[in-house]
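K.L.:
Protein chains in written order, with our numbering: chain A, 1 to 601; chain B, 1 to 366.
There could be a bad hint or two in this list.
[Claimed, not checked] Simulated DEER-style distance windows between Cβ atoms:
hint: 1; chain 1: A; residue 1: SER109; chain 2: B; residue 2: VAL214; range: 44 to 52 Å
hint: 2; chain 1: B; residue 1: LEU285; chain 2: A; residue 2: ARG14; range: 23 to 31 Å
hint: 3; chain 1: B; residue 1: MET281; chain 2: A; residue 2: ASN233; range: 34 to 42 Å
hint: 4; chain 1: B; residue 1: LEU110; chain 2: A; residue 2: ALA79; range: 56 to 64 Å
Keep in mind the hints are simulated off the structure, nothing from the lab. All of these numbers come straight from a predicted model, not from anything done at the bench. Note that the Cβ used here is the ideal one computed from N, Cα and C, for glycine as well.
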Amino acid sequence: MKKFFSGKRDSESRKLVLYLILPIFIMFVVLLQTINLTVINGKKYETQSENNRIVSRTIYPTRGLIYDTHDKLLVENIASSQLNLVPERSSDTSKKIKEIADLLNLEKSFLLGIYEKQIKKPRYPFQPITLAKSLDDEQIALFSVSSEKFKGFSVETGLVRSVVNKQSLAHVLGYMGYSVSNDVNKSSNFISGNQVGISGIEKTYHDQLSGKVGTRIEEKDVSGKFVRVLSENNAESGKDLKLSIDLDLQNFLIPFFEGQKGALVALEPKSGLIKALISSPAYDPNIFNSSSSLAEIQSILSDHEGPLFNRATMGNYPPASTIKPILGLAALDEGIVDWNTIIQDDGEFYVEGDPRPYRGWKEDGHGKVDLEKAIVESSDVYFYSTAYDLTIKRLEPFLNKFGFGGKTNIDVEESNGLVPNEKWKLGYIGEFWFKGDSINLGIGQGYMLSTPIQISQAIAVIANRGEIIKPRLVEEIDESPTELESLGKINLKDETNWEKIEKSMIEVINSPNGTANNIKDTRYLIAGKTGTAQIKSYEDQEYEDIRENPFFRDHALFVGYAPIPDPELLILVIIENGESGSRVAAPIAKAGFDYYLTKNE
Amino acid sequence: MSRSPLEFSLSSRMIKPNRWLNQDWLVLFLVISLVSFGLMMIYSASSSVEMVLRQGIFAVIGIVFMIYLSFSDYQRLLPIYLNVFWIGIFFLLVVLVIPSDAATRRWIDLGIFGFQPSELMRCVLTISAAAFLSRNPRIVFRDWMIVIGVSFLSFYLVFIQPDLGTAIMVLISGILPVLISGFPVSYQIIGIVIILLSTPFIWMNLLDYQKQRVLTFFDPSSDPLGTGWNIIQSQIAVGSGSLFGKGFLQGTQSQLNFVPESHTDFIFAVVAEEFGLFGVMGLFLVYLLLAFRLVMIAKNSNFLFVKLVAGTFIFLLLTYVAFNTAMVVGILPVVGMPLPFLSQGGTALIINMIMIGIILSFRRTV
Numbered sequence: 001m002k003k004f005f006s007g008k009r010d011s012e013s014r015k016l017v018l019y020l021i022l023p024i025f026i027m028f029v030v031l032l033q034t035i036n037l038t039v040i041n042g043k044k045y046e047t048q049s050e051n052n053r054i055v056s057r058t059i060y061p062t063r064g065l066i067y068d069t070h071d072k073l074l075v076e077n078i079a080s081s082q083l084n085l086v087p088e089r090s091s092d093t094s095k096k097i098k099e100i101a102d103l104l105n106l107e108k109s110f111l112l113g114i115y116e117k118q119i120k121k122p123r124y125p126f127q128p129i130t131l132a133k134s135l136d137d138e139q140i141a142l143f144s145v146s147s148e149k150f151k152g153f154s155v156e157t158g159l160v161r162s163v164v165n166k167q168s169l170a171h172v173l174g175y176m177g178y179s180v181s182n183d184v185n186k187s188s189n190f191i192s193g194n195q196v197g198i199s200g201i202e203k204t205y206h207d208q209l210s211g212k213v214g215t216r217i218e219e220k221d222v223s224g225k226f227v228r229v230l231s232e233n234n235a236e237s238g239k240d241l242k243l244s245i246d247l248d249l250q251n252f253l254i255p256f257f258e259g260q261k262g263a264l265v266a267l268e269p270k271s272g273l274i275k276a277l278i279s280s281p282a283y284d285p286n287i288f289n290s291s292s293s294l295a296e297i298q299s300i301l302s303d304h305e306g307p308l309f310n311r312a313t314m315g316n317y318p319p320a321s322t323i324k325p326i327l328g329l330a331a332l333d334e335g336i337v338d339w340n341t342i343i344q345d346d347g348e349f350y351v352e353g354d355p356r357p358y359r360g361w362k363e364d365g366h367g368k369v370d371l372e373k374a375i376v377e378s379s380d381v382y383f384y385s386t387a388y389d390l391t392i393k394r395l396e397p398f399l400n401k402f403g404f405g406g407k408t409n410i411d412v413e414e415s416n417g418l419v420p421n422e423k424w425k426l427g428y429i430g431e432f433w434f435k436g437d438s439i440n441l442g443i444g445q446g447y448m449l450s451t452p453i454q455i456s457q458a459i460a461v462i463a464n465r466g467e468i469i470k471p472r473l474v475e476e477i478d479e480s481p482t483e484l485e486s487l488g489k490i491n492l493k494d495e496t497n498w499e500k501i502e503k504s505m506i507e508v509i510n511s512p513n514g515t516a517n518n519i520k521d522t523r524y525l526i527a528g529k530t531g532t533a534q535i536k537s538y539e540d541q542e543y544e545d546i547r548e549n550p551f552f553r554d555h556a557l558f559v560g561y562a563p564i565p566d567p568e569l570l571i572l573v574i575i576e577n578g579e580s581g582s583r584v585a586a587p588i589a590k591a592g593f594d595y596y597l598t599k600n601e
Numbered sequence: 001m002s003r004s005p006l007e008f009s010l011s012s013r014m015i016k017p018n019r020w021l022n023q024d025w026l027v028l029f030l031v032i033s034l035v036s037f038g039l040m041m042i043y044s045a046s047s048s049v050e051m052v053l054r055q056g057i058f059a060v061i062g063i064v065f066m067i068y069l070s071f072s073d074y075q076r077l078l079p080i081y082l083n084v085f086w087i088g089i090f091f092l093l094v095v096l097v098i099p100s101d102a103a104t105r106r107w108i109d110l111g112i113f114g115f116q117p118s119e120l121m122r123c124v125l126t127i128s129a130a131a132f133l134s135r136n137p138r139i140v141f142r143d144w145m146i147v148i149g150v151s152f153l154s155f156y157l158v159f160i161q162p163d164l165g166t167a168i169m170v171l172i173s174g175i176l177p178v179l180i181s182g183f184p185v186s187y188q189i190i191g192i193v194i195i196l197l198s199t200p201f202i203w204m205n206l207l208d209y210q211k212q213r214v215l216t217f218f219d220p221s222s223d224p225l226g227t228g229w230n231i232i233q234s235q236i237a238v239g240s241g242s243l244f245g246k247g248f249l250q251g252t253q254s255q256l257n258f259v260p261e262s263h264t265d266f267i268f269a270v271v272a273e274e275f276g277l278f279g280v281m282g283l284f285l286v287y288l289l290l291a292f293r294l295v296m297i298a299k300n301s302n303f304l305f306v307k308l309v310a311g312t313f314i315f316l317l318l319t320y321v322a323f324n325t326a327m328v329v330g331i332l333p334v335v336g337m338p339l340p341f342l343s344q345g346g347t348a349l350i351i352n353m354i355m356i357g358i359i360l361s362f363r364r365t366v
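Taking the hints into account, I'd like the entire structure generated from these sequences.
P.N.:
What follows is the structure, encoded as structure tokens:
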């Protein structure tokens with residue numbers, strides 16, 4: 001019996017070990033699974049572990065400020081309360097946006113539009129989309145009361161671009177908005193959800209203004225709480241811009257355009273620096289910058305007077321008589337006329353074998369006219385004749401040299417203008433070139449179109465004795481001056497013609513017969529040229545009938561620079577349907593000269 | 001039960017002359033190493049000195065018990081061992097009777113620490129069962145049935161706490177002595193069939209959270225932020241540990257609390273994350289070496305009691321290790337099972353060390 005109490009008891013020992021096989025087997029499987037997790041799928045789990053704890057945050061730089069030439073602040077960033085949405089945290093988002101729009105009295109379609117546009121763009125996870133800016137106190141209160149209902153939505157403080165002087169520099173500065181194009185990825189500065197410059201300086205200098213987006217790699221714990229910063233790539237603030245615009249001059253000149261459509265360019269001929277740039281009517285860029293009201297934006301977009309349109313750089317006008325000094329240079333250079341050539345002006349010009357008269361603006365004509373008199377009194381017949389003799393083959397390349405039909409390379413959006421030729425006419429109008437087309441070109445009419453900035457650049461060439469200077473709006477980027485850029489030099493066979501043609505332009509103001517004699521000043525000399533651009537042909541009608549409709553009235557132009565001999569400022573004025581270059585446009589330029597040239601005294 | 005007097009005094013009884021030198025120092029060393037390593041891991045997982053201190057106090061109490069028992073004369077203690085399970089039953093009833101706000105009734109609050117009667121039960125049930133089965137030279141069938149009955153009663157008392165994991169371990173701690181002592185194979189098969197047939201009944205009696213755990217085990221990603229979270233995050237922790245680990249206190253998954261319960265049931269995830277695959281292999285080697293030394297003690301004894309107790313204890317030890325780690329790496333469902341000597345928890349630690357102490361005392365008599 002004792003055997004049961006003691007003894008080898010191998011059977012029990014064997015069973016005891018046998019049962020241990022089960023847990024040891026499971027431990028073996030655990031080891032295999034551990035190898036599977038660490039060795040075979042190690043990379044995957046390492047990544048998941050990193051994703052768990054690491055969060056990358058985008059640090060938005062502050063956008064550079066914009067100043068005028070006297071360091072007056074033009075554009076700043078102001079704090080505003082904005083409605084943000086983190087789509088990852090919300091559900092049933094479209095419906096919630098509608099509800100929140102109702103609650104805050106915002107426009108549903110507007111918020112939905114922003115959301116639908118932004119959600120399609122590349123975005124960091126959990127990066128908020130800004131749905132509305134510039135919320136007022138009441139809206140903030142309304143939201144915070146029912147914020148529980150709107151998961152993922154929040155009201156946060158952000159920076160909004162704000163133009164200090166509202167309308168006065170709208171076309172120069174431009175506005176901010178959400179980029180429409182899809183090639184936003186080309187530049188790292190185009191982060192979705194962040195506004196970009198849509199027009200004006202804001203667009204051209206977007207890269208400099210926006211600075212560099214920074215990132216901060218943070219460690220977070222399971223509840224998403226910040227633990228520590230792992231690495232930081234600092235944001236670089238945008239660069240400040242100093243414009244050449246003289247805000248005082250700009251604001252002084254704007255009232256002259258009250259209730260009128262038109263444009264003004266004032267620049268320093270030597271440097272190309274633009275001192276004033278007006279396009280009337282204007283708009284308030286802050287409506288776009290804060291992008292809070294669809295109704296206000298719609299009313300600007302649908303305004304038939306086109307306040308968004310920058311007439312100074314994009315408006316296409318016939319240069320009219322302002323082009324005559326340049327055509328005079330062309331005729332001299334091509335040997336068609338010299339300073340002594342006399343042409344009889346009886347008020348009409350005829351082409352041989354064509355009974356149709358080309359009328360001058362003065363019914364009885366100017367009598368015997370030489371080149372100087374033709375410019376001073378703006379004889380149309382003289383230039384009909386020279387243009388007829390020059391023909392389009394010689395006219396077109398000469399005008400192109402002065403920048404007509406091309407770009408001035410100014411740093412805001414601009415149009416090309418148009419210098420017609422045979423090929424163009426056949427292609428666009430479907431007709432052959434007539435001699436009459438060249439004749440019309442002689443007074444800057446017909447098919448020719450040019451922008452105010454183009455005419456200004458071309459006339460500045462005379463002031464600069466052939467040097468073509470690129471007009472520019474930005475004087476300094478982050479304290480370092482921008483460079484003067486010459487786009488080439490026009491050489492005349494006789495270089496003294498520059499000075500002689502300028503003398504004729506001085507006489508336009510100084511001579512008692514000059515078309516702009518009304519702005520003569522004894523303190524300084526102005527060289528200039530008036531222009532009156534016909535926009536409706538009046539072959540069969542008298543102008544008196546046409547002018548019944550204000551929209552068919554002639555445009556009034558004046559371009560001039562002063563003081564001679566060392567011009568500091570060139571001013572071009574165009575008043576749409578203003579009728580008279582000398583009576584309407586020239587006095588505005590004169591006011592500008594007076595203000596600019598005498599204010600330092 | 002007391003019909004026949006217990007005859008535990010035996011002529012072959014032999015106490016080795018030098019009590020101090022005759023000790024399995026390696027086992028003591030391995031256990032104390034594991035406990036110390038556990039304290040390190042608890043610190044890494046919780047960053048709480050207080051928690052480490054509390055566990056340290058339990059460890060000291062456990063070591064005292066272990067060493068004291070290892071020098072004890074188990075033969076003298078047999079009459080006590082035969083009846084210790086009553087204590088276990090008593091506390092299991094107490095824990096069910098004590099009113100509690102908590103959904104589960106596993107703890108008896110003793111003020112400074114919580115006492116877990118189910119842990120005690122799996123120890124005392126084995127001891128009493130082994131003593132009961134070896135009290136007579138020959139085991140009669142009725143003895144086995146009594147032990148099986150008591151085991152299922154104990155299982156039920158733990159199961160309704162509810163604590164499925166520990167309940168199964170309690171059941172094993174009572175059934176295994178029956179199986180090792182030669183329960184006929186034919187009856188074993190009948191038993192397995194009965195258990196399989198009752199599975200649907202058990203499933204119906206599982207609580208929702210228990211069912212959910214079993215379901216998410218089969219598809220953790222079905223509920224990645226709910227029940228599946230534990231499994232996914234602990235797998236990430238183990239996987240990202242790679243070969244050598246991220247280093248002590250460097251495990252981001254556990255340091256940043258992505259792994260839940262990282263100082264208790266999921267402490268193995270911390271070990272794997274901070275010490276890698278080689279750390280895991282080292283830990284397993286320590287457990288296996290410990291088990292091997294304990295098996296040698298059982299094999300060298302001629303007493304049925306020793307083999308039943310040691311065999312069951314070793315099996316329980318390795319089963320805890322196997323189930324716990326299998327749960328952490330995601331090959332078994334999540335059930336509440338601590339990792340022996342490492343997981344934070346006073347009762348389990350002290351009980352495990354008592355069990356080691358009792359096995360060590362078997363060396364004294366062969």
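K.L.:
Where does the structure disagree with the numbered hints, that is, which hint numbers, in rising order?
P.N.:
none
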